[in-house]
Amino acid sequence: MLDRSQKPTTQAVTRFTPPSCGFEQRNSRWLHLGPKRNIGLTRLELLFPGGRAVQDQLLQASASLNLLLSGNANFSESQLLKKIDSWGLRFQTEVQNESHSLVFVFRPEVAHEALPFLLEQLQLGEFPEDRLNSYKQIQMASLARRQSTPSYWANRQVFESLYGKTSFLGKQANAQDFQSLSQEPLLAYRTQNMGYEKARILVSGQYDHDFLNLVEVLLQKNSHKRLNDNYLHQENTPPVELQNPSENSHSLPKSSQVSLVLARHLDNLAFTDRIGLSLLNTVLGGYFGSRLMQDLRESKGLTYGIGSRISPALSGYTWSISSEMKAESRELAKAAIQENMLALINKAIPEEELNRAKAYFAGASRAQFDGPFSSAARAKQLWVRGQDEAELGQTLDSLWSCQGQTLQALAEQYLQPKDYHLAQAGAL
Amino acid sequence: MNHWTLANGLQVYHIQDPDSTQVVLNLLYKVGARDESPERTGFAHLFEHLMFAGSANVPSFDKEIEGAGGQNNAFTNNEFTNYYILVPAENAETAFWLESDRMRGLNINPDSLQVQQGVVVEEFKQRCFNAPFGQLWHHVRSLLYAPESSYSWPTIGLNFEQIETASLDDVRAFYDRFYQPNNAILSLAGALDEHEARRLSEKWFGDIANTQTLGPREYNTTTAPLQAPIEQQDLSPDKAVFLVWPTPSHADPESNALDLFAEILGGSDASPLHETLVKQEGIMSAAECFCMKGLGEGFFVLYGILADGVSHRAGQEALLRVLEETIKTAVNEDLSSVKNRLLTQLLYERISPAQQAQKIAYYAALDKPEWFDQEAEMLESVTLVDCKTAAQSFINADSARLLFYSPHHA
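Chains as they are written, first to last, in numbering that gives the first Met the number 0: chain A, 0 to 427; chain B, 0 to 409.
Please keep in mind that the hints were generated in silico from the structure rather than gathered at the bench.
All values reported here derive from a predicted model rather than from experimental measurement.
Which stretches of chain A does chain B cover? Using the computed rule of at least three CB atoms under 8 Å from a CB of chain B, they are:
1) 245–255
2) 364–373
Label pairs and their computed distance ranges (CB to CB):
3) A:Q402 with B:G104: 35 to 45 Å
4) A:N132 with B:N158: 38 to 48 Å
5) A:N73 with B:D397: 35 to 45 Å
6) A:M0 with B:N219: 35 to 45 Å
7) A:S4 with B:L345: 38 to 48 Å
8) B:T382 with A:N73: 25 to 35 Å
9) A:D209 with B:R216: 48 to 58 Å
10) A:R145 with B:E323: 32 to 42 Å
11) B:Q232 with A:E125: 41 to 51 Å
12) A:T190 with B:E163: 51 to 61 Å
13) A:A342 with B:Y218: 41 to 51 Å
14) A:R145 with B:P37: 33 to 43 Å
15) A:S4 with B:T382: 56 to 66 Å
16) A:N132 with B:Q232: 26 to 36 Å
DSS-like, lysine-lysine: derived pairs with alpha carbons at most 30 Å apart:
17) B:K358 with A:K35
18) A:K325 with B:K62
19) B:K338 with A:K35
20) B:K29 with A:K6
21) A:K417 with A:K164
22) B:K387 with B:K292
23) A:K135 with B:K278
24) A:K299 with B:K124
25) B:K278 with A:K81
26) A:K325 with B:K124
27) B:K202 with A:K6
28) B:K327 with B:K387
29) A:K82 with B:K292
30) B:K62 with A:K6
31) A:K81 with B:K292
32) A:K253 with A:K135
33) A:K325 with A:K299
34) B:K358 with B:K62
35) B:K124 with A:K333
36) A:K253 with A:K299
37) A:K346 with B:K62
38) B:K387 with B:K338
39) A:K220 with A:K81
40) B:K327 with A:K81
All residues carry an ideal CB built from backbone N, CA and C; glycine is no exception.
Same shape as in the complex, but just chain A (with noise of 0.2 Å):
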């Protein structure tokens, strides 16, 4: 038998190259080209600044995007559908605080004769009112569904809490939000905000210098302005507005579980602090191996999953601790997880768990990098964060300089449980 007792050598991943996710300009374009790959498959996405940031009402950049296809003066909403699905093509949207994209995803051999058609159709949504009533009876349901649930609310709550309730970040769609969606804001907000002078390119997967031609000839072809440099840089980005911590409920009498939340916002972060958050966050709930994981999961058995995260916020961040469990626990939990932060700031993380994260975190971040359509993701996440390319190639080195008492300083400072808003919901 093979002695099982000797576990083989492991290399710590400290240094790799990461594939370039910048953008270059070309032929007064901005454009990502991804790693070339043989796999059936091409990539294309369209970046725009706006997304939520620009909007003047609740829901108008997604719903704007959604019925992008609705229908227009030539087409229906259903014979555009038709046409999408003979090629085969997935056609999505995606919407976030400071940008909108659209994604295509297809076989090379359908672009000739899907792009041009779908690049000007996108360009004449006019939002049928039949649709779009449509549209709001399938989202509301939706959201009624969701609101069944306590991680819902308990999100909800918090983040009403942290942000306020009528700023920005706080603000959150109800049912009579999409009851007031009209076609007019929808068509301002693709007028404004979606012509293709104002996209940034992103291509991956399977491509030739044909098909980076047709693009942007297509886009040429379909835009009724220059390039415009103005258009670069994200501009009126809403002010963060923070509260003073609190603690909220929402009673949802028909649940068997406690949806707890706890959340604070990170602002103002310098490049290695980053990286040290992100690592303490690693050690506190960002892995199986974490802190809160093993403690409340693995050792008391009091949930099926907690974790912690750290997610964009406009300019800053928010710092997030989720979790679900039966309403018995819910005292025993929250005590738990404050003790866990409260370790954290009381004594620097030992010397082989601190390691034990390290590794994981630079065996993650090179493992995001596989994949033929990686380098895009984080070429417009580098975007729309503002954030230097450079910066990729030092997160190793930043990464396994970290210190016990680096960390524990950031903890000190960011990981205070009276700083943290706290919403629960369920069976309360």
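Got chain A sorted already, so can you dock chain B onto it with the hints?
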């Protein structure tokens, strides 16, 4: 794709992706909820949790894999349990070490059983009681299969009391019976070359002996008799109607024809279900269908979430009307559109080594590993007549099992 079998019966499949910096080790055990007894439902899934509790030489599975820069997870369904590890290529051997150690050296102890019972009970509540239609699979399976069939309960189990009362003896017996090389399929994908894949699989798995002979297993797939609609109250604020039918195993050619028919009927927003019932008539906020394909079974689900004021019976009749109309007119459809959609999907499903490894293991468990390389040809070979014939044979109004959901407050 390369394939070899170790002397102990472990089947190994390998596919190399020179563009990847990662290695995926996927290990599928041919055991799932269908191997449980009616008194211990949910056990295969509970056992999957215990596989992370440490083994003879590895006190913490997660810590070792994460320390090597990797990540891992698992899932269980009615027919198999699938474990996978994604690790940087330079640490591939760590994945072999870990997965081979727990194949026969699992540390079974009362503490880990007790903790994981608590975890799984919370998972049960989260999935089944805290989400709209959370008990759908309980209801669907009880409609499809007779109670004596082990396909009649969902993977999560009939109730969490059975999970809470599972004993250490149950755990040991289950482990000894099902967790052995000749009941497993190892698939390797990513940066590993064939030579290294052969060397490492032989080195780490070649010396593991089987604990017992696991002969062919017969599963009772007796379907449930047709019955009056099951009526259930649910968290969902809207009424819903589900119609379900048993269909053949994925290995049966009719299964692929049914899959294509599902795509014709409800595969996109331009398909008849959505177009007619959501957009034109506005009587539903969602109308969809799908064909579940498994190793030994399959089923077809057609459902609608009803708009205010629409009765269950009206929803049922509307769904059947569109179904029957689509079967009738199916021969006039342009199948190339549906095939193109599915072809794009097939290509998309292959872009990551993890997806490749899982797909290979699934086809090997189906005893059709060659299908991994034949998916596009198989898709192309299905005709409209095949779709129509299969739909007429398996999905009709008379044989529909019905499930009506109403909101709790109704």
